[in-house]
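Residue numbers (the working numbering), protein chains in the order written: chain A, 334 to 590; chain B, 306 to 733.
The set of hints was computed from the structure by calculation and includes no laboratory data. Misleading hints may appear alongside valid ones.
Stated by the list, open to error - The calculated lysine-lysine pairs, modelled on DSBU-like cross-linking and capped at a C-alpha distance of 30 Å, are: (1) A:Lys484 x B:Lys641; (2) B:Lys665 x B:Lys641; (3) A:Lys484 x A:Lys455; (4) A:Lys472 x B:Lys577; (5) A:Lys559 x A:Lys358; (6) B:Lys353 x B:Lys587; (7) B:Lys641 x A:Lys472; (8) B:Lys333 x B:Lys360; (9) A:Lys458 x A:Lys484.
What the hints assert, rightly or not - Coverage of chain A stretches by chain B, computed from C-beta distances (three or more under 8 Å per stretch; other residues unrestricted): (10) 422-431; (11) 438-452; (12) 540-551.
Ideal placement from N, C-alpha and C gives every residue a C-beta, glycine not left out.
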Amino acid sequence: MLSIKNLHASVEDKEILKGINLEIKAGEVHAIMGPNGSGKSTLSQVLAGNEAFEVTSGEITLNGENLLDLETEERAREGIFLAFQYPVEIPGVSNLQFLRTAVNAMRAHRGEPEMNAAEFMKLAKEVSKQVDLDPAFLKRGVNEGFSGGEKKRNEIMQALLLQPKLAILDETDSGLDIDALQVVSNGVNALRAEDRAILMVTHYQRLLNHIVPDYVHVLAGGKIVKSGGRELALELEERGYGWLGIKDEETADSSAN
Amino acid sequence: MKPAPTLSSAFLHPVGHSLPEPLVALRKQRGTALVDMPLPTRKTENWKYSSKYLKLTDDMAIALPAEGKTGSSLAVPGYKVAFLNGVMIPEASEYPDLDGITIQSFDDLSDEEAADLADRLDNTLDNNAVQMARLNSARFEDGLLIRLSPDAVLDQPLFIVHEVTADASGSAFPRIYVDAGRHSQITLVEEYISSGSEPVMVNTVSEFTLADGANVTSIRLNMEGENVQHIGATGVRQQRSSRFESHSVGFGGPLRRHDLQVRLEGEGAECKLNGVVVTQGKQHYDNHTNIEHVAAHCNSEETYRNIAADQSHAIFNGRIHIHQDAQKSNAEMNNKNLLLSNGAEIDTKPELEIYADDVKCAHGATIGQLDEASLFYLVSRGIARREANVLLTMAFINELVEQIPVAVVRETAQTRLNQFFDQTFEEA
Ligand SMILES: Nc1ncnc2c1ncn2[C@@H]1O[C@H](COP(=O)(O)OP(=O)(O)OP(=O)(O)O)[C@@H](O)[C@H]1O
Ligand SMILES: [Mg+2]
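This is chain A alone, in the form it adopts within the complex:
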């Protein structure tokens, strides 16, 4: 489904990703772990098409189609979804209006009719229950004043509404209490499907108890330095990153020097 070959990307002339190779097939769940600043969010943002990051070489294809040729919104319509590590607050745009506009943009792309306000409200209420968010949140501004955990649940709610082909979850587990972790994990597991892939960025192996990945990769210094199965996460939890020849604090930036 997703194929990344020798991907290099920079921000403000600083190279962050230094040759990423990754193959993800439909139905698979991949976890990416790695020290702070190693480039995990950068990879996520580059996949979603954030123009703040410049792809300097390499390729990314989604089901054979060159992703780098597509604008962010086109990628989303082709099925890329990014749950942000830091979801943006947008006061003045109601969550409901935002979600309905997004869902209808996707429907239009698939040639389906728009959902009217009443139909959408019904759907949104169901899905908000699924992630344990009070429907009152629908009326508030997008992420406005949401707690960290509420923002993360709102991200999963969006994934459930938009039904992407590839869901990239950037630390969707961070800042969640135990119950919320369970709720979010259930949401992610509900997303698991034959024709869908999930790429999760996480620091904690505890998430992987709830959502069992098929593969675990370690990203350090802008490269994938180790890949393995689920047991790799346990090993990292126990031993840190040192045994891989990476210092815990090593970042994409410092490894360049």
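With chain A's structure known, arrange chain B with the ligands on it following the hints.
Below, chain B with the ligands alone, put in the same frame as chain A:
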């Protein structure tokens, strides 16, 4: 040195329409005072950014004809008064017939009523601050006097549609005066529209006096064409525990100027002033507001938002003057500005003058662009870039549009905003 330009004498000859003698006399006296009035220039502090847009050529001095067809853009169901080129058109108007509420055109006033009005006209305005309003006093040909007896309540909004027909150059000088008695209530919508494409000027003055406990909501919708210079002044005087609410939505033009002056003269009076301005192309819009906290224990709350696209120019100047005896005043002023293009210009200036020591006064002004991170977040959900721009721009003013208490005004404003979005944000 070149002598400062002065007002052409062509402007000082009112014509045509008949008015009761006391008003004719007043007009004449005001006109005499304007002989050799210096015109605003770059050096005139309160016209600093706007004088270059003002074109008072002699052809603007001609009074536009007080006849023709009216075509309000507000298909309003309820009470309305139609003005055409500054003169009231009774056939196109529908007055409420309610006890305690009198609505009269100036030319229907008895000499006694007219004399009383002549004594009061201009009293809500600091005429030195609004030089251009003085021109209205010298030239108005008609006007609307609305009087509410104590406790009278207008049960529906009253729409006043001010239309100019710009089939030839010239000007119009509409005028209204609202005298709200004790504990009376009224919601009034002033809509400014135009037809035709010749350069014209509208110079308009609206005055409101609020007796104790009166509650007045004034809505102003400025939708005139690209050929219309608009110079407007609104003066408000508030007695004890009265409440004045103003909602203005304005779209730019070759020159758009509105001065809003509120005097809080009785304890416990409060005002809330909301304003939205949208400019595009080479348009201009200038809001000058002045709140005088004269009495103690008064509240003022002011929120203005400007959106400037293309090479347009928006200006906000908000003055709050807290007088020495106005202890326990509470004043809040907030102005946020959104630049949608690098070529657009916004000038904002808060002016606080505080002479009392026990007051709360907060103000803030910002100028920014659409937030890239917010845009990315929206498009990453498949929302088209144009739509994302519209959502974020509406987000900037939504709060104010939603507060406008008359649905048909919100809808009219939204329709015009949608046109603006169509012209400003390209289809992907
Ligand atoms: N907009 C930016 N401008 C400058 N530097 C940036 C920018 N975005 C990211 N970086 C830098 O790129 C490097 C990688 O950042 P990234 O956010 O991808 O790390 P991460 O692996 O997600 O870290 P964390 O685990 O802390 O979330 C860091 O050194 C960061 O400071
Ligand atoms: Mg990160």
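Hint check:
1. For a cut-off of 30 Å, the pair hint linking Lys484 of chain A to Lys641 of chain B stands: about 27 Å separates their Cα positions.
2. Annotation: proposed proximity of Lys665 of chain B to Lys641 of chain B holds, straight-line Cα distance about 20 Å (limit 30 Å).
3. For the given pair, Lys484 of chain A sits about 21 Å from Lys455 of chain A by alpha-carbon distance, which is consistent with the 30 Å threshold.
4. A hinted pair counts as satisfied when its Cα atoms are at most 30 Å apart, and Lys472 of chain A with Lys577 of chain B qualifies at roughly 25 Å.
5. With a C-alpha separation of about 18 Å, the suggested pairing of Lys559 of chain A with Lys358 of chain A holds against the 30 Å cut-off.
6. For the hint linking Lys353 of chain B to Lys587 of chain B, the alpha-carbon distance of about 18 Å falls within 30 Å, and the restraint holds.
7. Between Lys641 of chain B and Lys472 of chain A the alpha-carbon distance is near 24 Å, which keeps this suggested pair within the 30 Å criterion.
8. Pair hint Lys333 of chain B plus Lys360 of chain B holds up; C-alpha atoms about 24 Å apart against a cutoff of 30 Å.
9. A C-alpha spacing of about 16 Å is found between Lys458 of chain A and Lys484 of chain A, which places the hinted pair at or below 30 Å, so the restraint holds.
10. With 6 residues carrying a beta carbon less than 8 Å from a beta carbon of chain B, the segment 422-431 of chain A meets the three-residue requirement, and the given coverage holds.
11. Look at the segment 438-452 of chain A against chain B: 3 of its residues bring a Cβ nearer than 8 Å to a Cβ of that chain, three or more, so the hint holds.
12. Counting residues of the segment 540-551 of chain A whose beta carbon lies closer than 8 Å to any beta carbon of chain B gives 0, which falls below the threshold of three, so the coverage claim is violated.
In terms of the numbered hints stated before, the structure departs from hint 12 and from no other.
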